[in-house]
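Student: The primary structure of each chain is shown beneath.
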Amino acid sequence: MSDRHEHDDTRTTPADERVTAFLRERHAPPADERYWDSLEARILSQAAGGDVGAWWAIPQRWTRAGLVAAGLALAAAGLALVSAREAQTRRAFVEVMSAPAAVQVQMATQAASGADGREATLRYLIQH
Amino acid sequence: MPPAPPPADRSGSPEPGPVVARADDAGADRAQVRSHELALVRAAQRGETPAFAALVRLHQRRAYGVARAIVGTHEDAEDVVQESFLHAHKALPRFRPEQGFGAWIHRIAANASLDLLRRRKVRAVEPLPSSVAMPFRDPAESADLRERLEAGLATLSERQRAVIVLHDVEGFKHAEIGEMLGIPEGTARSDLHHARQQMRRALDDFRTDA
Chain A
266 MSDRHEHDDT
276 RTTPADERVT
286 AFLRERHAPP
296 ADERYWDSLE
306 ARILSQAAGG
316 DVGAWWAIPQ
326 RWTRAGLVAA
336 GLALAAAGLA
346 LVSAREAQTR
356 RAFVEVMSAP
366 AAVQVQMATQ
376 AASGADGREA
386 TLRYLIQH
Chain B
93 MPPAPPPADR
103 SGSPEPGPVV
113 ARADDAGADR
123 AQVRSHELAL
133 VRAAQRGETP
143 AFAALVRLHQ
153 RRAYGVARAI
163 VGTHEDAEDV
173 VQESFLHAHK
183 ALPRFRPEQG
193 FGAWIHRIAA
203 NASLDLLRRR
213 KVRAVEPLPS
223 SVAMPFRDPA
233 ESADLRERLE
243 AGLATLSERQ
253 RAVIVLHDVE
263 GFKHAEIGEM
273 LGIPEGTARS
283 DLHHARQQMR
293 RALDDFRTDA
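Chains as they are written, first to last, in my numbering: chain A, 266 to 393; chain B, 93 to 302.
With the rest of the complex left out, here is chain B (with noise of 0.2 angstroms):
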């Protein structure tokens, strides 16, 4: 039988007290969930499914992020997340579990997306579904708007993307991007830099009221 689950994270609870009292909270909750993810992978490593099984639910939307940042594509990044469960699974006897295994799931999705770029040099990029709309009242601004920024994507490397994407979409810091990517601290905090410059010129002499 897998552990049961730690309570339901409280951070967003409107409840008022002391900001010392709440971030006391927070790191005795996120201690809780660090020692269910250890119990979870230590079940797991002991050979139980349902312990495997609830760490895939935990991770998996976050390894898909990663893998999304990299390769662009839904279909692509849904094959990643597959590849990188599989070989955690396989890999899960060597894994020491102090690592953290969210760490460790993303460093796996991450690769297994640059190795799929290796493989296929040339990626056609996805256009943006017609259902998601644009903070813009008036259609034929959000469309130019879109267009837009879409270019300013194009001109991006793929690293760069990556990187402009991981840090402002996911919400990673420099040092995690760097480790995942492969690159110096640095060099993703130049990427980062010269991405935004970029989708700052994409946007250059655009106008708007909203």
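So here's chain A without its partners, still in its complex pose (with noise of 0.2 angstroms):
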């Protein structure tokens, strides 16, 4: 008798229709039909939500256009840095050709004479 004749199980015993009752009880779905269409609805909500928060999946079309756009940004932004410093530069050096010369000097021998002060002072206290 050959292998799949020994494992033919057509036949059927009032054990077996027991025994097929009884699975059939054990692993019935759920009959409401709620069930269903709620299950339905959680399947449909996450597949969509699958979608929308994959950013990465936008249009190929986008794609370019995207990065055009981004280079043009990031080219306006670095024209923009570079005439800003260049207009600080020349501000910086008109303020420094412009202000007034005495001042400058008038500070530097105050700096200079309270030094001298202060090193006499040293000088007495060390002598005496």
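Simulated from the structure, these hints should not be mistaken for laboratory data.
Glycine included, C-beta positions come from ideal geometry on N, C-alpha and C.
Please note that the accuracy of each hint is not assured.
[Stated by the list, open to error] Quick look at which bits of chain A chain B covers, simulated, 3 or more residues with Cβ under 8 angstroms:
(1) 278 to 290
(2) 298 to 310
[Said to hold, decoys possible] Computed spacing ranges between beta-carbons, pair by pair:
(3) A:Glu298 to B:Asp297: 38 to 44 angstroms
(4) B:Thr141 to A:Leu332: 25 to 31 angstroms
(5) B:Gly139 to A:Gly343: 38 to 44 angstroms
(6) B:Arg126 to A:Ala342: 54 to 60 angstroms
Starting from two chains that each stand alone, build the complex the way the hints lay out.
Tutor: Here it is, written out as structure tokens:
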């Protein structure tokens, strides 16, 4: 007898019928239609959520336009930064050149005389 | 818009008529259902959500049956069904519609179930809900029978249990079961044989007048 025939369970006994009835009841799917509606809704919501959340899944045609726009924005920002720095340097140069020289001299003199006074005091204290 | 559904299944119609004519009708209905499903799959592949929803509605019960047969518990089966449809949704652009969506989703559900079993080596056997009535008039007899059958079921391997449920409850053929579980058809046949023998043995000295 071949293995196929040996395992050919086409005949059923009353015991098999009981077993099948038991298994059918044990594995019965939920009968409430609302359960299936809710399961379907959950599946669809998760599937939709996956699509929205997948930010990298943007259409191919948008990718190039986005990259070009980002490049242009970067170049414009770079130009603006360079021109702002140049303007700042120019302004600082003009301010320095146009400041009155007397003030600087006077301040230097004051600072120098103050230092001399301190040195004289120190020398006096050390000697006496 | 998803395609309009085919007319309701008439296979259970009590209308008299020649057997051949009824068989032709059934064949025509099957072809119509298949072509409707094909249209749904193509629409879903174009990103039409209502078409995918219709596919879920058509196949969720059967996918649940496959998952329940393998994982055993309702909660796990529900998780597997959700996971399977999400996987199918992601893989839909790569799916060839002529393969048959039903067979595809059953394979996905079976694989997801087997994965779940591998992840959870130990599985608690779900007790039979008390609302389930066994077909016996005497409650004591019914309780005894249930106890014996539960004990018999507990002696089966996970694969034998899946095979007997997929075959005897869900009505799948040996070859389909083999494909789903990743085993040869002959192994599915032999698993069914041994599972039935063990379940018969559990009822060996059980006598009833019912």
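Student: Which numbered hints are broken by the structure, listed smallest first?
Tutor: none
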